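Chemist: Once you have looked at the hints, place chains B, C and D on chain A.
4 protein chains.
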Amino acid sequence: MVEETREELEAQLEVLLEKVFKVGAEEYYKRGFKRRVGYGNRPAIVHIDMANAWTREGHPFTCRGVDGLIDAIQQVNTAARAKGVPIFYTTNVYEITDSSVPNDMGLWHSKIPVESLPADSYWAQIDDRIAPEGNDIVLEKRRASAFPGTDLQLFLAANHIDTLIITGCTAAGCVRHTAEDALAYGYRPILVKEAIGDRVPGVVQWNLFDIDSKFGDVEPLADVLNYLNTMPPFGETVPKPSPDRQIEVDFDAKNTVPVDA
Amino acid sequence: MVEETREELEAQLEVLLEKVFKVGAEEYYKRGFKRRVGYGNRPAIVHIDMANAWTREGHPFTCRGVDGLIDAIQQVNTAARAKGVPIFYTTNVYEITDSSVPNDMGLWHSKIPVESLPADSYWAQIDDRIAPEGNDIVLEKRRASAFPGTDLQLFLAANHIDTLIITGCTAAGCVRHTAEDALAYGYRPILVKEAIGDRVPGVVQWNLFDIDSKFGDVEPLADVLNYLNTMPPFGETVPKPSPDRQIEVDFDAKNTVPVDA
Amino acid sequence: MVEETREELEAQLEVLLEKVFKVGAEEYYKRGFKRRVGYGNRPAIVHIDMANAWTREGHPFTCRGVDGLIDAIQQVNTAARAKGVPIFYTTNVYEITDSSVPNDMGLWHSKIPVESLPADSYWAQIDDRIAPEGNDIVLEKRRASAFPGTDLQLFLAANHIDTLIITGCTAAGCVRHTAEDALAYGYRPILVKEAIGDRVPGVVQWNLFDIDSKFGDVEPLADVLNYLNTMPPFGETVPKPSPDRQIEVDFDAKNTVPVDA
Amino acid sequence: MVEETREELEAQLEVLLEKVFKVGAEEYYKRGFKRRVGYGNRPAIVHIDMANAWTREGHPFTCRGVDGLIDAIQQVNTAARAKGVPIFYTTNVYEITDSSVPNDMGLWHSKIPVESLPADSYWAQIDDRIAPEGNDIVLEKRRASAFPGTDLQLFLAANHIDTLIITGCTAAGCVRHTAEDALAYGYRPILVKEAIGDRVPGVVQWNLFDIDSKFGDVEPLADVLNYLNTMPPFGETVPKPSPDRQIEVDFDAKNTVPVDA
Chain A
1 MVEETREELE AQLEVLLEKV FKVGAEEYYK RGFKRRVGYG NRPAIVHIDM ANAWTREGHP
61 FTCRGVDGLI DAIQQVNTAA RAKGVPIFYT TNVYEITDSS VPNDMGLWHS KIPVESLPAD
121 SYWAQIDDRI APEGNDIVLE KRRASAFPGT DLQLFLAANH IDTLIITGCT AAGCVRHTAE
181 DALAYGYRPI LVKEAIGDRV PGVVQWNLFD IDSKFGDVEP LADVLNYLNT MPPFGETVPK
241 PSPDRQIEVD FDAKNTVPVD A
Chain B
1 MVEETREELE AQLEVLLEKV FKVGAEEYYK RGFKRRVGYG NRPAIVHIDM ANAWTREGHP
61 FTCRGVDGLI DAIQQVNTAA RAKGVPIFYT TNVYEITDSS VPNDMGLWHS KIPVESLPAD
121 SYWAQIDDRI APEGNDIVLE KRRASAFPGT DLQLFLAANH IDTLIITGCT AAGCVRHTAE
181 DALAYGYRPI LVKEAIGDRV PGVVQWNLFD IDSKFGDVEP LADVLNYLNT MPPFGETVPK
241 PSPDRQIEVD FDAKNTVPVD A
Chain C
1 MVEETREELE AQLEVLLEKV FKVGAEEYYK RGFKRRVGYG NRPAIVHIDM ANAWTREGHP
61 FTCRGVDGLI DAIQQVNTAA RAKGVPIFYT TNVYEITDSS VPNDMGLWHS KIPVESLPAD
121 SYWAQIDDRI APEGNDIVLE KRRASAFPGT DLQLFLAANH IDTLIITGCT AAGCVRHTAE
181 DALAYGYRPI LVKEAIGDRV PGVVQWNLFD IDSKFGDVEP LADVLNYLNT MPPFGETVPK
241 PSPDRQIEVD FDAKNTVPVD A
Chain D
1 MVEETREELE AQLEVLLEKV FKVGAEEYYK RGFKRRVGYG NRPAIVHIDM ANAWTREGHP
61 FTCRGVDGLI DAIQQVNTAA RAKGVPIFYT TNVYEITDSS VPNDMGLWHS KIPVESLPAD
121 SYWAQIDDRI APEGNDIVLE KRRASAFPGT DLQLFLAANH IDTLIITGCT AAGCVRHTAE
181 DALAYGYRPI LVKEAIGDRV PGVVQWNLFD IDSKFGDVEP LADVLNYLNT MPPFGETVPK
241 PSPDRQIEVD FDAKNTVPVD A
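Residue numbers (UniProt numbering), protein chains in the order written: chain A, 1 to 261; chain B, 1 to 261; chain C, 1 to 261; chain D, 1 to 261.
You can take every hint at face value.
Pairs of lysine-lysine, DSBU-like flavour, derived with a Cα cap of 35 Å:
#1 C/Lys254 with B/Lys254
#2 C/Lys30 with C/Lys19
#3 D/Lys193 with C/Lys34
#4 C/Lys22 with D/Lys34
#5 C/Lys240 with A/Lys240
#6 D/Lys240 with D/Lys22
#7 D/Lys240 with B/Lys240
#8 C/Lys83 with C/Lys240
#9 D/Lys34 with C/Lys34
#10 D/Lys193 with C/Lys19
#11 B/Lys83 with D/Lys254
#12 D/Lys34 with C/Lys193
#13 C/Lys193 with C/Lys34
#14 A/Lys34 with A/Lys240
#15 D/Lys19 with C/Lys30
#16 B/Lys240 with B/Lys83
#17 C/Lys83 with A/Lys254
#18 A/Lys83 with A/Lys34
#19 C/Lys34 with C/Lys254
#20 D/Lys30 with C/Lys193
#21 D/Lys193 with D/Lys19
#22 B/Lys30 with A/Lys193
#23 D/Lys83 with B/Lys240
Hints in this document: simulated from the structure, not taken from any laboratory. Keep in mind the model is a prediction, meaning the values are calculated, not measured.
Excised from the complex, chain A in its bound form (with noise of 0.2 Å):
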């Protein structure tokens, strides 16, 4: 038997998904799902760990794709720069990668090869192509979220931050528990479609349509740069007080029986 090529079986599975999301999507319509948590008044950006571990060639956590990612975080930055709104970057790194003694690596070195992101190496800086400017905030994680470990979430509540644009990588891991965490916790999640990486064949598509359908909304590159850059400066903004209103299923759960019960 002959094995496709992983281009051929990528371009297979290109094929597929858009039939299986068409389906799946219409699932979730139906039901209620997919709805869209909409842009806010009051941004910040978040690029995870567009670091050189992920963004160059040669080492272990090396992502696919990135030179893409790197342009459209460009034009993001650019956007968000011009009317002052906050910028974070994550870099997934530790300060003890001796797994012999106490160590902050946690239980994810007994998943993946965190030991390879020691926190003072060159793996660890952001990728200077887009490197940090001015006010920008360098976050130093442990973990895949940008949230827990990390003084995020408290920045985001006291400068009342209700949206929050994530880019970077990757898809499936740190990129998606951002997302989560960032909706758990009441930030609007808008993902930009164009800049977010990964490894293995499929794994973006399909993390973009989960988070899409239950946990933030993917949105083209150029819509996320005309709301920039048609948002107010952000000094004058005030934030959305609350969640936009939805169309809700028409379903009376206090006077329903189960079709099975």
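Modeler: Frame of chain A, contents of chains B, C and D only:
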């Protein structure tokens, strides 16, 4: 053009996903991912959203293939109760489902129909085929993960639990976010393969693949039962003091340069 | 030697504390401490542990001077309800009060008699003189602060509350930890001076002094009522987007050397 | 009227507080409060804010009596290092101290002069008399407690620490909030009596009294040193699996009625 039925599509997807996951797993292994977090010594069980809204026909949240989950969960509970292992159930419900006033649905109402989950209805109750007993604890959660907004972490920490055995639904939603959080906060996530459900084609398989690659160990029911059956009584256990050692990647982050630098 | 009665001791303490707090406040003002966090635009109320165990005679947790608190809280509730301001009550209770098995009392059972607070007793219920109404939310908490293990923060964040008006008991326990957490997590803590109680001599005064110096504003009931009476209906409010500006200390940290260096 | 000097006032307060704490402690003991949380088996140390801003003359945050703290902390560190016990230091600092732009000072800038604590100044560094060594970890925190916004809890959980030995300053601020959080999150707080400082009269005594009554054990330096000197090497320890059993109050909450009901 003739469109495939859902069943035909799922059959095609099943075949293709097997190949895709094989390629993905090889890539992960090569890079040092997809390690085993392993079982600890002092587990707790959490059954995610096995309430009527998910397990019975006729609700917007109804899942597929629930009978198999119920059966697997009954077996897990029997084994866990024989050893005094703590058992949690979650149900995702809200005190205030009127979105025109301040309410506890948060931003999740902006993505999925949580207005159909009032706290005091039939649908909110745990399926009586796996009804809580004795000191089992039912957590009323508001978000996908079982951690934010509940006292699960407080219980796990003070009782020095080291392992969280996870079942329930949905794979792409509450189960995955719970597994990610469990790993982040320091509890070994063990997912019972036969006991996890969802709603749309491919979504269980894909999420279990992602979780197993990065966040927790997806294990067959038989292995989980064997672990529970052969552990000492819970009251005699002490937690594993630290994560299991792993075979580490041969990569010296401080003395390498990127291929493309 | 004749020992003072408790009343005599409290009278002496009252006189001395006035002097001590004057000296302390001067020291704080000189250094730039004891600033005003100020009222925001979009408040919520939280009444800490005004359940029968704290408000009625005969329980290990019974507090002193509760009648005054009840009266003040009734006034706060009347003013808050007229504007649609969300009201929370906490009660500190446990599902499992048997410390010989895994339980939800945590380490707090190792300091105070939380075994006397089972979740389903008379003592756990909010005092019926200030009974919850309508959409008021009762939070069953397990720790001192109203934040860990509850969904309070999720509610405050998603509804963009900016101010947390705090009453109840005890000053040194649940009220103080709640005020500290509120400030940490980004909510302006306003403590209603006449509505905070405790059990032993001097403890209310000292804790309100500490809180006002570092964590939140202790304000007279009349001021809090005036704020609520003059604010717009809650549904028309938008949160203050950022903390109030303050007069800052004249100290250049980057260009000073220590006196003793 | 002649006003007392600060020294005279402190002398009077010392005498009166002794009586007040005796009365308070009797009340607490009678009710079943002021129990001993006790030492666990697997400790970590945290030195709160022993950076130059707190330990050296000439800064708005300068504390009193710091030399005694330094001496005690040196002894704790020597004993802890001999056993391989993990040591944390916190320093309270900010990346952005310009309050006219979005910044990481949060609401705390609205109460105390945190604008004098930029991250990269002399004042932010740990006092070199107790300089960090080897694998010691310095946490840059933004709030009072060492927990929110840092990865302390992630470290403690994954390494199954059961005890947190706490020193530093200030008693009414960062030390107290850290002790409260440690207990809440499941770590036995042990406060080293001789190693805790603050700024104004009476504040250390009062806060240690409150903490010892409700949140953690205040222990003499000699006892803490003895514990460290007699424990096994850290690498050989396993955590205590559950809180210590306590003598419980004789109160049946389900079958009592209030005195005033």
